[in-house]
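Based on these hints, arrange chain E on the given structure of chain B.
Number of protein chains: 2
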Amino acid sequence: MKKVGVAILGLGVVGGGTYKILTEHREEYKRTHKIDLVVENVLELRKERALALGVEESKIADNIAVICSNPEVDIVIEVMGGVEPAKTFVLAALNAGKSVVTSNKELYCKYSHELEKTAIKNHCGLFYEASCVGGVPVIRALLDNLQGNKILSLLGIINGTTNYILTKMSHEGASYAEVLKEAQKLGYAEADPTADVEGFDATYKLSILSSLAFHTKIPYTKIYREGITGITVKDIQYGKQMGYAIKLLAIGKNGDNGIEVRVHPAFIPVEHPLASVNDSYNAVYITGDSVEDVMLYGRGAGALPTGSAIVGDVIYCATHSNYRYSTFENTKDAAPGTKFIENFESAYYIRVNASNRTGVLAKITSIFSRCGINVAKMVQEDGSDSAAVPVIFVTHKTKEHSVNKAVEELKAIPEIAKVAAVIRVVS
Amino acid sequence: MKKVGVAILGLGVVGGGTYKILTEHREEYKRTHKIDLVVENVLELRKERALALGVEESKIADNIAVICSNPEVDIVIEVMGGVEPAKTFVLAALNAGKSVVTSNKELYCKYSHELEKTAIKNHCGLFYEASCVGGVPVIRALLDNLQGNKILSLLGIINGTTNYILTKMSHEGASYAEVLKEAQKLGYAEADPTADVEGFDATYKLSILSSLAFHTKIPYTKIYREGITGITVKDIQYGKQMGYAIKLLAIGKNGDNGIEVRVHPAFIPVEHPLASVNDSYNAVYITGDSVEDVMLYGRGAGALPTGSAIVGDVIYCATHSNYRYSTFENTKDAAPGTKFIENFESAYYIRVNASNRTGVLAKITSIFSRCGINVAKMVQEDGSDSAAVPVIFVTHKTKEHSVNKAVEELKAIPEIAKVAAVIRVVS
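Protein chains in written order, with this note's numbering: chain B, 1 to 427; chain E, 1001 to 1427.
In isolation and in its complexed conformation, chain B is listed as follows (with noise of 0.2 angstroms):
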């Protein structure tokens, strides 16, 4: 029987997941994929929770060159997650002919050129289906299932935190604020949950999963990205009444005009499945030229799901001599002639808040139609005379650009004393 060795760097959440599930399916692995996976060693400098976890005394290294310089480590899994001292390890790793299995978005979308070459170079493999959607399949069915396919387009929900608050705020009509703190108490969110509710966690894996899917090179900084904090319950409810869910959304376009990637809050039709994506699940809705849609549903995160794709990874890593690397040229930027199209064109939601007097509705629909906009829906609430009163507008399919201009407009109009929401609403 063929015995792998597999080394664990970083015992965190996902780290010590991936512990027990090695160790507690060792003899079933055995008899199914006839290896004997063996942890040989850990690197964490919390020593305490290594012991807490099984780990033995003896295998609990608290340097890297242990590891690289162990040779009964075949493979290093890396759960650290940021950058550094990440890449500084898994280069190292690299180097010391150990393929690498990792989890790491942050680190493969910023730096997988670099990383690619290294592991090439060593002839070793580089696994990452971990780095995206825990444990849904989405980047071994872009590699090995899909690849046949033109990709027209990618709708991902790919964070958790954020779809745990909106649908939260959703259901129960609680505040981001509030809603936030739980989750934070819940351990669902980071105590600074900037990168989650930003979207910056969505843009890494975005773009790790549209470079995939158009077999081209989509650095994170051309994503276009907008995050969930000024999403209020109100509007919400208002999208509700319209039959929308609201959903942190990460989309990629390959169309005849260039690729789009933007990651915004969108409403989408409660009809979509991926509306009915909530709390911590995620799902990737795939387009393609023959398989027409796809969804891929289930855990975005947690301890066992994502180390259920490392262990997925390490498996195959271990009964496969023959690695695949990137179908493109995977350099830091974009290829050269790319195009990325800036001014996308969507359907909008757009709440202003008016005074309820004659007239203000003409001059907020001339400005739409100076704009080029063409109103879908509109809904006035019952007010007062002087109040500022909701006044929603969904628009069909219109330009970025032009809304943008559109809201500048409107917010010069006296009788609206606030343009109080604009989102995308995607179908």
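Derived by calculation from the structure, the hints in this document are not laboratory data.
All values derive from a computational prediction rather than experimental measurement.
Be aware that a few hints might be false.
Said to hold, decoys possible - A short list of chain E residues far from chain B (calculated; beta carbon distances all over 12 angstroms):
{"#": "1", "residue": "GLY1005"}
{"#": "2", "residue": "GLU1106"}
{"#": "3", "residue": "LEU1186"}
{"#": "4", "residue": "ARG1225"}
{"#": "5", "residue": "ASN1404"}
What the hints assert, rightly or not - Listed next, the in silico SDA-like pairs over lysine to any residue satisfying Cα-Cα at most 25 angstroms (straight line):
{"#": "6", "chain 1": "E", "residue 1": "LYS1034", "chain 2": "B", "residue 2": "TYR111"}
{"#": "7", "chain 1": "E", "residue 1": "LYS1030", "chain 2": "B", "residue 2": "SER326"}
{"#": "8", "chain 1": "B", "residue 1": "LYS3", "chain 2": "E", "residue 2": "SER1326"}
{"#": "9", "chain 1": "E", "residue 1": "LYS1150", "chain 2": "B", "residue 2": "ASP36"}
{"#": "10", "chain 1": "E", "residue 1": "LYS1020", "chain 2": "B", "residue 2": "GLY255"}
{"#": "11", "chain 1": "B", "residue 1": "LYS34", "chain 2": "E", "residue 2": "GLY1337"}
{"#": "12", "chain 1": "B", "residue 1": "LYS30", "chain 2": "E", "residue 2": "LEU1152"}
{"#": "13", "chain 1": "E", "residue 1": "LYS1003", "chain 2": "B", "residue 2": "HIS123"}
{"#": "14", "chain 1": "E", "residue 1": "LYS1168", "chain 2": "B", "residue 2": "GLU271"}
{"#": "15", "chain 1": "E", "residue 1": "LYS1121", "chain 2": "B", "residue 2": "MET1"}
{"#": "16", "chain 1": "B", "residue 1": "LYS150", "chain 2": "E", "residue 2": "VAL1013"}
{"#": "17", "chain 1": "B", "residue 1": "LYS332", "chain 2": "E", "residue 2": "THR1032"}
{"#": "18", "chain 1": "B", "residue 1": "LYS20", "chain 2": "B", "residue 2": "ARG46"}
{"#": "19", "chain 1": "E", "residue 1": "LYS1030", "chain 2": "B", "residue 2": "SER321"}
{"#": "20", "chain 1": "B", "residue 1": "LYS34", "chain 2": "E", "residue 2": "ASP1256"}
{"#": "21", "chain 1": "E", "residue 1": "LYS1020", "chain 2": "B", "residue 2": "GLU292"}
{"#": "22", "chain 1": "B", "residue 1": "LYS399", "chain 2": "B", "residue 2": "GLY243"}
{"#": "23", "chain 1": "B", "residue 1": "LYS3", "chain 2": "E", "residue 2": "ASP1289"}
{"#": "24", "chain 1": "B", "residue 1": "LYS240", "chain 2": "E", "residue 2": "PRO1269"}
{"#": "25", "chain 1": "E", "residue 1": "LYS1034", "chain 2": "B", "residue 2": "ILE259"}
{"#": "26", "chain 1": "E", "residue 1": "LYS1034", "chain 2": "B", "residue 2": "THR319"}
{"#": "27", "chain 1": "E", "residue 1": "LYS1002", "chain 2": "B", "residue 2": "GLU329"}
The C-beta atom is built at its ideal place from N, Cα and C for all residues, glycine as well.
Here is chain E on its own, set in the frame of chain B:
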């Protein structure tokens, strides 16, 4: 650039779609996968069909020997369906050293032990992603993503024809016979629909999927099977009122007491992600001990979606030389000692037509009680005293054999005109 030659056996719906994908994307695959995928032969007796698709006359073969002896052919795509002559042709191709990609669920289900043995002997690849659930990447997910899990259960809507029929009956209130006729006209059902509507097709796929999921051979003959021909609009509507959708479910469970595999119509709660898988869409809902719940959703059939799965396998085969075979001893029969549970547990929907007379309810419930069945819900239609009035029971989880016994006893009561429906309820 590596040139890889393929041959397509059969230019039916899926064969034609596959030919189209391969030829239209040829330049793209050179760029993305550094391979030149060339269709070197097609096996098709209807020469005009091949010519109409654009195949050069010199590439049209009328017997398998031409393809087996063509040194330019590396990979043979079998999309003929049925056992013979597909089986003979696939074995001939493998014995001639060609790798095989097949969409043939019946062939793979019934003879994978023989095909795989021949593939291993000849160091050839044998790929069958397209055999189950069209373009949905479920086989590779089980093999290469979720393989570190103990898969606990698998619930699938894996037959497009029956899902189309049940969705239409459910949404439009049309009868089974009417919808079947329409489906046949649209090409969604065959002239002889038996394989689909009686659940045979689903048992072939469940045999393949559950063998992979549970790492042990599950012959299709061990699968309990019940089709949809007895489902009435009346029961669908009662079910709807109770919050259920009707589906033909393929169920595999791997519990402490053994393995449970069955294909039958079932009510599932409308909130379940599978409940909104409609029309010819298919989905598989997998629960693993690490990954928790994962659902894979998409087109379960059709020329291009199935072609997408075939071409995915072809590209993988062309770019890898490590082929993986079964993770279990792939014999014809189940491994000795495998325990299959026949007296499985489920909740049940039972509709009887009873005379609306005092005392009949007491008789029924005492039968349930005697058989150890707990009733969860009861609905009795208002009706005249003399007529046979529908009375519906939904039970708590109980044993299949207890329900069979109760149904026999119910039939013997003179006040019961008919036990009109027994449908399992799955949650």
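Hint by hint, here is what the structure shows:
1. No beta-carbon of chain B is positioned within 12 angstroms of the beta-carbon of E/GLY1005; the least distance is around 16 angstroms.
2. At the 12 angstroms boundary, the C-beta of E/GLU1106 stays outside the reach of chain B, the nearest C-beta of that chain being 22 angstroms off.
3. Every CB of chain B lies more than 12 angstroms from the CB of E/LEU1186, the least distance being 17 angstroms, so the non-interface label holds.
4. Taking the minimum C-beta to C-beta distance to chain B, about 27 angstroms, the non-interface status of E/ARG1225 holds against the 12 angstroms cut.
5. Every beta carbon of chain B lies more than 12 angstroms from that of E/ASN1404, the smallest distance being close to 36 angstroms; the non-interface claim holds.
6. With a C-alpha separation of about 23 angstroms, the suggested pair E/LYS1034 and B/TYR111 falls inside the 25 angstroms cut-off, and the hint holds.
7. For the hint pairing E/LYS1030 with B/SER326, the CA-to-CA distance comes to about 14 angstroms; that is within 25 angstroms, so the pair holds.
8. Between B/LYS3 and E/SER1326 the CA atoms are separated by roughly 20 angstroms; this keeps the pair inside 25 angstroms, and the hint holds.
9. The hinted pair formed by E/LYS1150 and B/ASP36 meets the criterion: a straight-line CA distance of about 17 angstroms does not exceed 25 angstroms.
10. The suggested pairing of E/LYS1020 with B/GLY255 holds, with an alpha-carbon distance near 21 angstroms, which does not exceed 25 angstroms.
11. Distance restraint check for B/LYS34 and E/GLY1337: the Cα-Cα separation of roughly 21 angstroms lies within the 25 angstroms cut-off, and the hinted pair is therefore satisfied.
12. Between the alpha carbons of B/LYS30 and E/LEU1152 the distance comes to roughly 19 angstroms, so the proposed pair stays at or under 25 angstroms and holds.
13. Among the hinted pairs, E/LYS1003 with B/HIS123 is consistent with the structure: their alpha-carbon atoms are about 23 angstroms apart, no more than 25 angstroms.
14. A hinted pair counts as satisfied when its Cα atoms are at most 25 angstroms apart, and E/LYS1168 with B/GLU271 qualifies at roughly 17 angstroms.
15. With a CA separation close to 20 angstroms, the supplied pair E/LYS1121 and B/MET1 stays within the 25 angstroms bound.
16. Between B/LYS150 and E/VAL1013 the CA atoms are separated by roughly 20 angstroms; this keeps the pair inside 25 angstroms, and the hint holds.
17. Of the supplied pair hints, the one linking B/LYS332 and E/THR1032 holds, its CA atoms being roughly 18 angstroms apart against a limit of 25 angstroms.
18. For a cut-off of 25 angstroms, the pair hint linking B/LYS20 to B/ARG46 stands: about 17 angstroms separates their Cα positions.
19. At most 25 angstroms may separate the alpha-carbon atoms for a hinted pair to count; E/LYS1030 and B/SER321 meet this at roughly 23 angstroms.
20. Annotation: proposed proximity of B/LYS34 to E/ASP1256 holds, straight-line Cα distance about 23 angstroms (limit 25 angstroms).
21. Distance hint between E/LYS1020 and B/GLU292 is fulfilled; the C-alpha atoms sit about 15 angstroms from each other, no more than 25 angstroms.
22. For the hint pairing B/LYS399 with B/GLY243, the CA-to-CA distance comes to about 23 angstroms; that is within 25 angstroms, so the pair holds.
23. For the hint linking B/LYS3 to E/ASP1289, the alpha-carbon distance of about 24 angstroms falls within 25 angstroms, and the restraint holds.
24. The hinted pair formed by B/LYS240 and E/PRO1269 meets the criterion: a straight-line CA distance of about 22 angstroms does not exceed 25 angstroms.
25. Using a Cα cut-off of 25 angstroms, the hinted pair E/LYS1034 and B/ILE259 holds, with the two alpha carbons roughly 23 angstroms apart.
26. For the hint pairing E/LYS1034 with B/THR319, the CA-to-CA distance comes to about 24 angstroms; that is within 25 angstroms, so the pair holds.
27. Using a Cα cut-off of 25 angstroms, the hinted pair E/LYS1002 and B/GLU329 holds, with the two alpha carbons roughly 18 angstroms apart.
Of the numbered hints stated above, none is contradicted by the structure.
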